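Enquirer: Residue numbers (our numbering), protein chains in the order written: chain A, -6 to 330; chain B, -6 to 330; chain C, -6 to 330; chain D, -6 to 330.
Just so you know, these hints were derived from the structure itself, not from any lab.
Small disclaimer: the values here were computed from a predicted structure and weren't measured.
Glycine included, C-beta positions come from ideal geometry on N, C-alpha and C.
Hints should not be assumed to be uniformly reliable.
[Claimed, not checked] Just so you have them, the derived chain B footprint on chain D, three or more residues with Cβ under 8 Å:
1) 159 to 170
2) 247 to 261
[Said to hold, decoys possible] Below, computed lysine-lysine pairings styled on DSSO-like, alpha-carbon distance capped at 27 Å:
3) Lys107/C with Lys75/C
4) Lys258/B with Lys34/D
5) Lys258/B with Lys290/A
6) Lys21/B with Lys156/B
There are 4 protein chains.
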Amino acid sequence: MISVGIIGGTGYTGKHLLEYCNNHPYVKEIAVYAKSSAGDKLLNIFPELCGIIPDQTVSSVDNLSYQHDLYFISLPHGEALKYVPDLYKKNKKIIDLGGDYRLNDVTVYEKHYKLTHNSPELLKIAKYGLTEFNVTDKNTDLVANPGCYPTSALLPLKPFIQKFSEEIISVSINSYSGTSGSGKTPKPEMLMSEMYGNVAAYNVNSHRHKPEIEQELLKDGLMAPMAFTTHLLPVARGIYTTSTIHLKKELDETDIKTQFNSVYKDKCFVRMREVPPKLTWVTYTNFCDINLSLSGKTLVITSALDNLVKGASGQAVQNMNQMFGWNDCLGILNSKK
Amino acid sequence: MISVGIIGGTGYTGKHLLEYCNNHPYVKEIAVYAKSSAGDKLLNIFPELCGIIPDQTVSSVDNLSYQHDLYFISLPHGEALKYVPDLYKKNKKIIDLGGDYRLNDVTVYEKHYKLTHNSPELLKIAKYGLTEFNVTDKNTDLVANPGCYPTSALLPLKPFIQKFSEEIISVSINSYSGTSGSGKTPKPEMLMSEMYGNVAAYNVNSHRHKPEIEQELLKDGLMAPMAFTTHLLPVARGIYTTSTIHLKKELDETDIKTQFNSVYKDKCFVRMREVPPKLTWVTYTNFCDINLSLSGKTLVITSALDNLVKGASGQAVQNMNQMFGWNDCLGILNSKK
Amino acid sequence: MISVGIIGGTGYTGKHLLEYCNNHPYVKEIAVYAKSSAGDKLLNIFPELCGIIPDQTVSSVDNLSYQHDLYFISLPHGEALKYVPDLYKKNKKIIDLGGDYRLNDVTVYEKHYKLTHNSPELLKIAKYGLTEFNVTDKNTDLVANPGCYPTSALLPLKPFIQKFSEEIISVSINSYSGTSGSGKTPKPEMLMSEMYGNVAAYNVNSHRHKPEIEQELLKDGLMAPMAFTTHLLPVARGIYTTSTIHLKKELDETDIKTQFNSVYKDKCFVRMREVPPKLTWVTYTNFCDINLSLSGKTLVITSALDNLVKGASGQAVQNMNQMFGWNDCLGILNSKK
Amino acid sequence: MISVGIIGGTGYTGKHLLEYCNNHPYVKEIAVYAKSSAGDKLLNIFPELCGIIPDQTVSSVDNLSYQHDLYFISLPHGEALKYVPDLYKKNKKIIDLGGDYRLNDVTVYEKHYKLTHNSPELLKIAKYGLTEFNVTDKNTDLVANPGCYPTSALLPLKPFIQKFSEEIISVSINSYSGTSGSGKTPKPEMLMSEMYGNVAAYNVNSHRHKPEIEQELLKDGLMAPMAFTTHLLPVARGIYTTSTIHLKKELDETDIKTQFNSVYKDKCFVRMREVPPKLTWVTYTNFCDINLSLSGKTLVITSALDNLVKGASGQAVQNMNQMFGWNDCLGILNSKK
């Protein structure tokens, strides 16, 4: 049984962390820390959780207690830098849901995030916690929880690139995300009145998640050029990613499927599908659904996940489970399967 | 002043044809022909048009009158074959909004549409009416109005391929469409209850619009491999298309923009944009908005249009305007610009 | 530990019954019976449940087994009549989610449902299972699970009418429901293309749920005239009900709140709110949230619930819990509160 | 031909005023005045109007020119007070789309708007411009354009109350509005992420539009108690209003319909319907559709309109047409009917 602190627990991802930790058999205590909401009651912030989680007062992050075993950090990028070095020195386990410890190369970080990093030495120590590739375990102290888009792109691409990298001419990744990815802070272009019936590409050729995807695919041997384009969907939740891979020669479909099945056969949260997934199959769950469609020298891989769950809080709890040696599903999936 | 017959005018595209023709200064008469709705009042089928268009009774297509100058055909594929040869023989002008006369090669048609074509000789005669490329004029008798997806892909791609075809490694087209593209016939997967908050790829590597796009891009000199993937959006209207082009070398952005501007400078319905278009900028209009984003050897072109207007009925009325030598905008745009 | 049969388990309510029963600690076996889907795999019908429930083959309702302890019936009205009398004779416990056993008076049933009832004697025996009013217990064999609209209207109205009936001039109930209430069978007016951005009243002054509401409020002493109007919302799930009560004199707000609090103080699925509830507070849950607003001689009560959960399958599992003497929350709520 | 100034023309209603005035045959000049957007290009603010209206620079309202014949004021309440008295003194025609001149009684205004009124003498002069009741004409200088909710409630109620007031026990008005009613200023609860799939009542028993509705219905002789409840719909546009009227005795349906038909027979923007209207019949139009359903002593009237058009800018242009003696439809409806 552990005690958990959630720093910045009053946004969309914080809410899900609360629910999963509350639902978790081995979490005995949860404290929530925030800045502007300090002193507020949790159930005033999340009235929908009334009757589901116990009420408590949000603590001020300025009086952060070091009594917890594990800290989730769910803050805008740059903010985690204020807490991680200290927590790390105090031998706490840390899962950062933001982007501050995902990139191994500090110059890439500083270029794309337009910030100075205060603890580049931890970039070497932090594990990039893409849970299906089992990088974290009991010895892991600091996890950089992957971005929502990178999770939705890496899960469908890594198995293929690990085995067939040499056959690839080009990779084009197209992602569409619901608006909750942009958080709770009101922006005019995120109003219902603006987004209803609307779609738009944004940050074309300049999204911060592109270097993150590149970094991880380069580790797998990617040599071909890769493009990544993000769009807003007129829904609240979910990411749908279509990866188009042009191939040098025709491959055998069975070989590809065998590779994916061998990578994911024991992974409870990745479901290989015979048809392209539907987004509603995965929203409100920690699943990532993947389909392969090969025709001649074109491979199209579609994948779907919930940006707030598998793309954030659900995967973070999976990382917690791995850091303590527990079953991946605890807190996130109730199943008799 | 002309008289117009709309065959199959009781669906979504038929409704818009009615509105535009009613709004057109040179259309003096409109008759609507249908099968199952014959005998019904138009304003019972389209109660929203009450007070906008005059009421009339839908005629039976079995008693098709040959008195009209121009016939729009708005039927499921295969159905136009029943009417076009006859109308053509009677020297009528014809605009077919379906797919039966778009493909020049009858074997390609029969493979993808799984139908036998009864008038392959007309495939040579039919003009593929992508209006911004001025193919139709007063001598045109039969127009194959382009598909909604092809229009949304060809307008952003043709200017580039016409000039830079040799620089292209690969083209990956990703399109997302509202559900009205699938028509008014109820299908379980198109229910509000199924599509709300949902997204899904469909017909991956097998969509009928792919050979149509290929045919037109090959004419422009495309040599690189091309992929095309279609998805359903959880909205009623609009298509958003993102084309990712991997290049052999870095190109000059100004050269590309100059090329697009020279192609579209006098085209009132294509708007070149400095930022990626938003879908709501174009829904309920005949505009196609296009943005270019070049970074290194990656070119991303985003485009947006309304599948029922620029992707169907609006472009069909543009074709009518061109066939009679009228201004492109008549009936479709009220503007003092 | 019991064995459960779900008759008609392939629709929206069937899916939720499956999930809740699978999640229930005392349900050891679930069988699904259907007609046209007999022989299909459950996970083909509900691919989203892959990894959550075990797969199995749907049995034919023509070979209904009598080995189960409890039968949920989730069929269009009229269809339950084929199974209930037999199951009742065989001493099985039955929860009918349809409308066939809700109305006590067979002539009212036959008038509104336009059907002949084959077992009117069971109308006296069936318990109207509005779970917060504790009508079912271990001795109950046949439960008529309340309609979705009636649940959303009765929970906010019964406490008030039980105590203040004499003060009422008139009651006007306005309900808005998501489209899933109309089921999975495709109807043209339920297409995404039709319902997107749309709202419409329907069955005005003639909805079948009106006599059901009336029957239950008359038992509580309602004497004033009551109107009930239903509308479709452009969303998949949820019902929002606004009840406007004109009063003969000004009442004391504290008295009214005290009455509601005393009725609902131990009910885990009704949450009294200080502000009007939001629909998303309750969707995907078994909660019904209620707010009272009194001003002069006008009382406005707003309430929200999920039509498929508290308005159908969730309440049905609550009824099962009551019929076996278990805690109301089992299978439906995971909470450490 | 007139010259028009739009003060505050950069919001949702301003955009529609621009479009309609641009489309109007007798408006030769349009100037837009604003505060924070002064100096911006109109087509940067409304990129979707590119190719539809000519571009121009937004003028500063601090340098308001008095050269125009008519001024539309489209500002938050309280702001119009700064301009109206001056414009009125200079003998300009004024149409205020806000709430500052709608209430005849200054104490009612000050109570509900929590502001001090600086020109109460103009409250007697301002005409409440509900256009179907022909209050404005060539002699009108100052029009208070009705609120969106009041328009949606008064059009269906006034004809009934004018004739049958004595038969009414109570009136309960329920309105649901799209989010554009709350304007372009970002508020957290109006985010797509919050409103998607959501519904909520708000300002229950305290909405500012209630005294406005009351004022107008009292003029028609309303004696019965009236309640008015507003809700947010998860769509961008449109208001759906359901008015439930409990009657003292059964009335003759034909009498009621005759009354409505006689009031609206020559009004091009009110459409009496045989079935409850659908919201999409009226969105993007200036129509208000109305249906009556009488059953025993219950009358339910449903009505639908677009809050930004008939509920704001469309009706404002109708008022302009009436103030200059032009046809009601000019600028707002293109019809050959």
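Enquirer: Hint by hint, say whether it matches the structure.
Expert: Verification of the supplied hints:
1. Interface restraint, the segment 159 to 170 of chain D with chain B: violated (0 residues with C-beta to C-beta distance below 8 Å; minimum three).
2. As drawn, the segment 247 to 261 of chain D meets chain B at 1 residues by the rule of a beta-carbon pair under 8 Å; below three, the given contact is violated.
3. A threshold of 27 Å between alpha carbons decides the hint, and for Lys107/C with Lys75/C the separation of about 16 Å falls inside it, so the pair holds.
4. Straight-line distance between C-alpha atoms of Lys258/B and Lys34/D comes to about 21 Å, which keeps the hinted pair within the 27 Å bound.
5. The straight-line distance between the Cα atoms of Lys258/B and Lys290/A is roughly 37 Å, outside the 27 Å bound, and the hint therefore fails.
6. Taking the CA atoms of Lys21/B and Lys156/B, the gap is about 43 Å. The hint is violated against a cut of 27 Å.
Consistency with the previously given hints fails for numbers 1, 2, 5 and 6, ordered from lowest to highest.
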